[in-house]
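Trainee: Chains as they are written, first to last, in the working numbering: chain A, 1 to 793; chain B, 1 to 284.
Please note that a few of the clues may not be correct.
Stated by the list, open to error - Pair by pair, the computed Cβ-Cβ distance ranges are:
#1 B:53 <-> A:772: 50 to 56 Å
#2 B:47 <-> A:32: 30 to 36 Å
#3 A:712 <-> B:241: 39 to 45 Å
Said to hold, decoys possible - No farther apart than 30 Å at their CA atoms in a straight line, the calculated lysine-lysine pairs in the DSSO-like style are these:
#4 B:2 <-> A:31
#5 A:792 <-> B:227
#6 A:41 <-> B:280
#7 A:281 <-> B:2
#8 B:252 <-> B:227
#9 B:252 <-> A:792
#10 B:236 <-> A:792
#11 A:667 <-> A:639
#12 B:236 <-> A:64
#13 B:252 <-> A:143
#14 A:792 <-> A:664
#15 A:248 <-> A:85
#16 A:41 <-> A:281
#17 A:664 <-> B:280
#18 A:792 <-> A:667
#19 B:280 <-> A:792
#20 A:535 <-> A:31
#21 B:2 <-> A:70
#22 A:495 <-> A:533
#23 B:252 <-> B:236
By construction, these hints were calculated from the structure, which means they are not laboratory data.
Built from N, CA and C at the ideal position, the CB exists for glycine as well.
Single-letter residue listing:
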Amino acid sequence: MSGSEGLSIHDRPNSYIGRSVPRPNLPRLLKGRGSYADDVKLPRMLHAAFLRSPYAHAEIVSIKTDEAEKVTGVFRVFTGDDIAKVCSPWVGVLTHLEGLRSPPQHALAVGRVLWQGEPLAAVVAESRALAEDVLELIEVDYKELPPAVDMEKALDGDAEVIHDVYENNLCWERNVNQGDVDAAFAASEVVIEEEYRFGRHTGVTLESRSIVADFDAGEDMLTLYHSTQAPHMKQALFAKHLDLDEHKIRIICRDVGGAFGLKAHAYGDEFATAAMSMVLKRPVKFVADRMESFLGDIHARDHIVKGKIGVSKEGKILGLEIDDLTGIGPYSVYPRSSAIEINQVLNLTGGAYVFENYRARGRVVFQNKPPMCQYRAVGHPIAISVAESLVELAASAIDMESMQMRQLNMAADDDYPNKTVTGIPLENLSHQESTTKLMEMVNYQEIRNEQAELRSNGIYRGVGFGALIEVTNPSPAFYGVGGAPISAQDGCSIKLDAKGNLIVGTSVTEQGQGAEAVISQVVATAVGITPEKIKVISGDTENTPYGGGTWASRGTGIAGEAAVKAGKVIRNNILDVAGILLQSEPETLDIRNNQIVDDENGTERMSVAEIGRIVYYRGDTLPKDFQAEMMVVQHYLPKSFPFAFTNSVHCSHLEVDVTTGFIKLLKHWVVEDCGTVVNPQNVDDQVRGGVVQGIGGALYEECIYNDQGQLLNGNLADYLVPMAVELPEIIVGHVESRTFESDLGAKGAGEAGTAGAPAAIMNALNDALRPLEAKLTRQPFTPQRVLEALGKV
Amino acid sequence: MKPSPFDYVKPASLGEALSLLSDSDGEVAVLAGGQSLMPTLNMRLSSPSLLIDINGITELDGIEVVEDVIRIGALTRHQVVQSSADIAQHAPLIAMAMPHIAHPAIRNRGTFGGSIALADPAAELPACLCALGATIEIAGNKGRRTVSAVDFFKDLYETDLADDELLTAVEIPVLADGYRSAFEELARRHGDYAMTGLAAHGLIDGDKVSDLRLAFFAVGGTPVLAKNAAAVAEGKNIGDEMISAVQSALEKDLDPFDDLNCSAAVKMLYAKELTSRALKALIR
Ligand SMILES: Cc1cc2nc3c(=O)[nH]c(=O)nc-3n(C[C@H](O)[C@H](O)[C@H](O)COP(=O)(O)OP(=O)(O)OC[C@H]3O[C@@H](n4cnc5c(N)ncnc54)[C@H](O)[C@@H]3O)c2cc1C
Numbered sequence: 001m002s003g004s005e006g007l008s009i010h011d012r013p014n015s016y017i018g019r020s021v022p023r024p025n026l027p028r029l030l031k032g033r034g035s036y037a038d039d040v041k042l043p044r045m046l047h048a049a050f051l052r053s054p055y056a057h058a059e060i061v062s063i064k065t066d067e068a069e070k071v072t073g074v075f076r077v078f079t080g081d082d083i084a085k086v087c088s089p090w091v092g093v094l095t096h097l098e099g100l101r102s103p104p105q106h107a108l109a110v111g112r113v114l115w116q117g118e119p120l121a122a123v124v125a126e127s128r129a130l131a132e133d134v135l136e137l138i139e140v141d142y143k144e145l146p147p148a149v150d151m152e153k154a155l156d157g158d159a160e161v162i163h164d165v166y167e168n169n170l171c172w173e174r175n176v177n178q179g180d181v182d183a184a185f186a187a188s189e190v191v192i193e194e195e196y197r198f199g200r201h202t203g204v205t206l207e208s209r210s211i212v213a214d215f216d217a218g219e220d221m222l223t224l225y226h227s228t229q230a231p232h233m234k235q236a237l238f239a240k241h242l243d244l245d246e247h248k249i250r251i252i253c254r255d256v257g258g259a260f261g262l263k264a265h266a267y268g269d270e271f272a273t274a275a276m277s278m279v280l281k282r283p284v285k286f287v288a289d290r291m292e293s294f295l296g297d298i299h300a301r302d303h304i305v306k307g308k309i310g311v312s313k314e315g316k317i318l319g320l321e322i323d324d325l326t327g328i329g330p331y332s333v334y335p336r337s338s339a340i341e342i343n344q345v346l347n348l349t350g351g352a353y354v355f356e357n358y359r360a361r362g363r364v365v366f367q368n369k370p371p372m373c374q375y376r377a378v379g380h381p382i383a384i385s386v387a388e389s390l391v392e393l394a395a396s397a398i399d400m401e402s403m404q405m406r407q408l409n410m411a412a413d414d415d416y417p418n419k420t421v422t423g424i425p426l427e428n429l430s431h432q433e434s435t436t437k438l439m440e441m442v443n444y445q446e447i448r449n450e451q452a453e454l455r456s457n458g459i460y461r462g463v464g465f466g467a468l469i470e471v472t473n474p475s476p477a478f479y480g481v482g483g484a485p486i487s488a489q490d491g492c493s494i495k496l497d498a499k500g501n502l503i504v505g506t507s508v509t510e511q512g513q514g515a516e517a518v519i520s521q522v523v524a525t526a527v528g529i530t531p532e533k534i535k536v537i538s539g540d541t542e543n544t545p546y547g548g549g550t551w552a553s554r555g556t557g558i559a560g561e562a563a564v565k566a567g568k569v570i571r572n573n574i575l576d577v578a579g580i581l582l583q584s585e586p587e588t589l590d591i592r593n594n595q596i597v598d599d600e601n602g603t604e605r606m607s608v609a610e611i612g613r614i615v616y617y618r619g620d621t622l623p624k625d626f627q628a629e630m631m632v633v634q635h636y637l638p639k640s641f642p643f644a645f646t647n648s649v650h651c652s653h654l655e656v657d658v659t660t661g662f663i664k665l666l667k668h669w670v671v672e673d674c675g676t677v678v679n680p681q682n683v684d685d686q687v688r689g690g691v692v693q694g695i696g697g698a699l700y701e702e703c704i705y706n707d708q709g710q711l712l713n714g715n716l717a718d719y720l721v722p723m724a725v726e727l728p729e730i731i732v733g734h735v736e737s738r739t740f741e742s743d744l745g746a747k748g749a750g751e752a753g754t755a756g757a758p759a760a761i762m763n764a765l766n767d768a769l770r771p772l773e774a775k776l777t778r779q780p781f782t783p784q785r786v787l788e789a790l791g792k793v
Numbered sequence: 001m002k003p004s005p006f007d008y009v010k011p012a013s014l015g016e017a018l019s020l021l022s023d024s025d026g027e028v029a030v031l032a033g034g035q036s037l038m039p040t041l042n043m044r045l046s047s048p049s050l051l052i053d054i055n056g057i058t059e060l061d062g063i064e065v066v067e068d069v070i071r072i073g074a075l076t077r078h079q080v081v082q083s084s085a086d087i088a089q090h091a092p093l094i095a096m097a098m099p100h101i102a103h104p105a106i107r108n109r110g111t112f113g114g115s116i117a118l119a120d121p122a123a124e125l126p127a128c129l130c131a132l133g134a135t136i137e138i139a140g141n142k143g144r145r146t147v148s149a150v151d152f153f154k155d156l157y158e159t160d161l162a163d164d165e166l167l168t169a170v171e172i173p174v175l176a177d178g179y180r181s182a183f184e185e186l187a188r189r190h191g192d193y194a195m196t197g198l199a200a201h202g203l204i205d206g207d208k209v210s211d212l213r214l215a216f217f218a219v220g221g222t223p224v225l226a227k228n229a230a231a232v233a234e235g236k237n238i239g240d241e242m243i244s245a246v247q248s249a250l251e252k253d254l255d256p257f258d259d260l261n262c263s264a265a266v267k268m269l270y271a272k273e274l275t276s277r278a279l280k281a282l283i284r
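I would like the entire structure built from these sequences, with the hints used as guidance.
Mentor: This is the structure:
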């Protein structure tokens, strides 16, 4: 027991918490020495290419592979039936989402193809180029079937029913009814109704989905070098569907070039790659190319929401109602399901405010488009855009400053714990302080003055806000209770080596967001070792503790706390040895800067390296009844709250060219509260990167489909992602309201930017156009749509 | 995203390249900067059996002022054109257009001749050449010939180039006394192909414009010279009333189509707006 025991990690001397410590992995990445799945080259490795359906809906009458199989260099051609013999189908439902249904989905299509791009056969050859050549020799006889493309028509009586085991295309419906919404609307001073549309878009990771499957027939062992966010979940899924024991599967996931949620799902091409490696008993590589990414990665959003708000004369929100419809493709995605996004929309709409009457309906429908699933800030941009637009429209109708109306409807910062209208507990939020801080940063009055002045010159600038709560650090309530093999807990192992260095294993993964940096900072602080003496290992199911991985803004909050706990244990273990050697009470000692010191005055007594040496080489000098433990592991699971909610607030300032419909973003501000900020630069960059993705959804990104379910812009020239020139300066401010669940007190920060930016942009746009009586509610806000709203075309 | 197999040759001279072109049967593709060709090969939108790499033919590279024309070799990289003092002085319209063409990495490889030969309807340079009355020089086994830019562009990605010919150079008359240029483009993001664009060139005397050439791009299969609009503008002072008359005349000149980014109606609106901007810029 050291003198610092019992104190919080925040009281540690020489703390690295709250400092922008450079990421330990940066030099490696900057020197081009990153190790992505595609960098893996194994002896005897083969390459897979997939034949993908050209149709959105068709029967596979026959597949002929003999010509393809004759080609020299081709090892085997697999059809859906071949893969089905070694890989069982899956069903993407969660049992806690009552009524959610989806039929079994095969890795490669069997009998029918249900979206353009669905894989139905694969060639394994000595090179990817050859495999692609040979795809052209596979003869498929398709019988085209009418596609169900338009989600608004999916539930019509005459709609093509995609799965004949069901009576219609409904996948899931949820209804919420709190209080008396009709009475609330009747009592309201103003009631505003509006319809909102959100384009279907996708994740666009720089590194595409990748897997190298290496089945070792000698050990009956499948090693998967895989770009993923959830190694242990993937281990469980591959084990289940390939009928292997979990310890016979090892997932190695070193560097990941962006994931944004899309690498946390089961993909047929990836499962087929693993299955083919098992059949061929050779390593097989599959790296999705960009065209496959557009057709094969999950898509996201695609909602139509009708919203209604009623407010009193004074600006109190009396009632809120939403009706959300979303099209999710032909299957609910495994294992997280495609119902979580709409579930979040229902849970979060208006979540920043205290009100009592809420009614919501969410309907999820099947359609012949790529499957849709969790992407950064799941559901949030929709919920927040709808609520925040309604709030600004209502504020304008009663002639009140929208921020004033927000603050009026937000709980006081000392009024926590609290609950949302649907009963979800909120532990500790700071809406009032955050909004106040934002307004100071924005210099609101000056912007308003300038706006008025410029309007008289025909220049239309607008300012808009978006306030939000965000789900982070989920407990098993998110997925585990629904039966998915998704861990909500994380672990951290720490080993002291003989030279006083720490080898740290974490169960979260590094996907470019700086997880390894955060774990290293926390361990450095908790133990008293400097960061350069700490090595963090992540992304290896054989060498790291079991845990959930990186998603839902959980890495720092959950794995960080496991690191705090493991750090404390090994510090105590080291000090126990030091106490013996120095003939001092361990409580009177501490570790600072790699030295054992007197806790009281910091006098150096001996080095930690010396402890390592003695423990490992001269254990004979320690007491007979004492065993030093220099490797420890600790885990952490949040238990008191289902989620650690955070809050943030955005402001967008923009200018609309009313002759061309072009929108120029001038500036964007965010104040976010993720509790303890472990690494300010990392948090700022997470927020900025998130804002950029939010800008993508609001202004640029949309998968454009024709009525036959064909994607018209499946390449990076036609699918527009925001680029540096179009981006405004993004200013980030922080308020720190720690979660009391953990010692570290960190909540998540990874999604706040994406969650709130679209709302703020929509509001700023409509603020700019208010004098022209134009209003836009359909994202992305393209120049075409702006001109239509202005009545110019 | 790997191309179908193809053979590859890199001739060292124009003559060698031309005989390779005429001798080979099957589909042949000429490789210049590769910025447009390589993606089409990788996406298997085309599968030529032979690639003739012309990057070794040094005589196709470079910018030269010869008497009253400025000559740009087909292989001259966009980046070289962009930073050329001769271009800035003698063909300022080209200099104005260059920053709108893609991004620096693409301009480092992409060639002037490649842009012209490709004839993308939304590309900047074909329209500039039409506005400037440039001449395209073409070499074939029977010798060299020239064709005016306006006649060179036939249709969507279709030009006057025969399968066995190479584009060797472009000749642009050097800027004559009193002439000015303006360049305007609207693209979703900086560096994207245009939603609508305009290259304008004319003789300016005070506020008066004559011999005006308005070459629009991304509104048809080829660059479109707005002749009715130019006729309305002829000899008039550039001002609000004149601009709206010119804008109205555009309805007779342009027949745009919808694309992924916007509708034909938006393109017409943009064409009018860009006309106004360009005319004002001409007298600024
Ligand atoms: C992301 C991106 C954005 C772009 N944006 C723009 C833009 O905004 N505006 C724009 O104008 N361009 C744009 N481009 C295209 C770029 O300018 C190309 O470089 C150019 O169009 C073609 O030039 P190249 O030298 O690369 O030709 P290549 O790709 O090598 O060839 C293109 C075609 O021309 C033929 N060809 C080339 N040279 C000759 C010759 N001398 N004789 C006969 N045939 C020949 C080839 O056979 C081929 O069919 C963009 C490209 C990319 C990748």
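Trainee: State for each hint whether it applies.
Mentor: Okay, the hints, checked on the actual structure:
A hinted range of 50 to 56 Å holds for the C-beta pair residue 53 of chain B and residue 772 of chain A, which are about 55 Å apart. As the Cβ distance of residue 47 of chain B to residue 32 of chain A is approximately 33 Å, the hint placing it in 30 to 36 Å holds. Checked against the given bound of 39 to 45 Å, the beta carbons of residue 712 of chain A and residue 241 of chain B, roughly 42 Å apart, stay inside it. For the proposed pair residue 2 of chain B and residue 31 of chain A, the alpha carbon gap of about 27 Å is at most 30 Å, so the pair holds.
At roughly 26 Å between alpha-carbon atoms, residue 792 of chain A and residue 227 of chain B fall within 30 Å of each other, so this suggested pair holds. Between the alpha carbons of residue 41 of chain A and residue 280 of chain B the distance comes to roughly 60 Å, so the proposed pair goes past 30 Å and is violated. Simply put, residue 281 of chain A and residue 2 of chain B have alpha-carbon atoms about 26 Å apart, close enough for the 30 Å limit, and the pair holds. The suggested pairing of residue 252 of chain B with residue 227 of chain B holds, with an alpha-carbon distance near 9 Å, which does not exceed 30 Å.
Distance hint between residue 252 of chain B and residue 792 of chain A is fulfilled; the C-alpha atoms sit about 20 Å from each other, no more than 30 Å. With a C-alpha separation of about 28 Å, the suggested pairing of residue 236 of chain B with residue 792 of chain A holds against the 30 Å cut-off. A C-alpha spacing of about 39 Å is found between residue 667 of chain A and residue 639 of chain A, which places the hinted pair above 30 Å, so the restraint is violated. The straight-line distance between the Cα atoms of residue 236 of chain B and residue 64 of chain A is roughly 70 Å, outside the 30 Å bound, and the hint therefore fails.
Taken as a hint, the residue 252 of chain B and residue 143 of chain A pair is broken in the structure, with Cα atoms around 46 Å apart against an allowance of 30 Å. Among the hinted pairs, residue 792 of chain A with residue 664 of chain A is consistent with the structure: their alpha-carbon atoms are about 19 Å apart, no more than 30 Å. Taken as a hint, the residue 248 of chain A and residue 85 of chain A pair is honoured in the structure, with Cα atoms around 19 Å apart against an allowance of 30 Å. Only pairs whose Cα atoms come within 30 Å are accepted, and residue 41 of chain A paired with residue 281 of chain A is accepted, the gap being roughly 16 Å.
A hinted pair counts as satisfied when its Cα atoms are at most 30 Å apart, and residue 664 of chain A with residue 280 of chain B qualifies at roughly 23 Å. The straight-line distance between the Cα atoms of residue 792 of chain A and residue 667 of chain A is roughly 27 Å, inside the 30 Å bound, and the hint therefore holds. Restraint check: the Cα-Cα separation between residue 280 of chain B and residue 792 of chain A comes to about 22 Å, which is no more than 30 Å; the hinted pair holds. Proposed proximity of residue 535 of chain A and residue 31 of chain A is supported: the alpha carbons are some 18 Å apart, at most 30 Å.
Simply put, residue 2 of chain B and residue 70 of chain A have alpha-carbon atoms about 21 Å apart, close enough for the 30 Å limit, and the pair holds. Taking the CA atoms of residue 495 of chain A and residue 533 of chain A, the gap is about 12 Å. The hint holds against a cut of 30 Å. With a CA separation close to 19 Å, the supplied pair residue 252 of chain B and residue 236 of chain B stays within the 30 Å bound.
Violation of the numbered hints given earlier is confined to hints 6, 11, 12 and 13; the remaining hints are satisfied by the structure.
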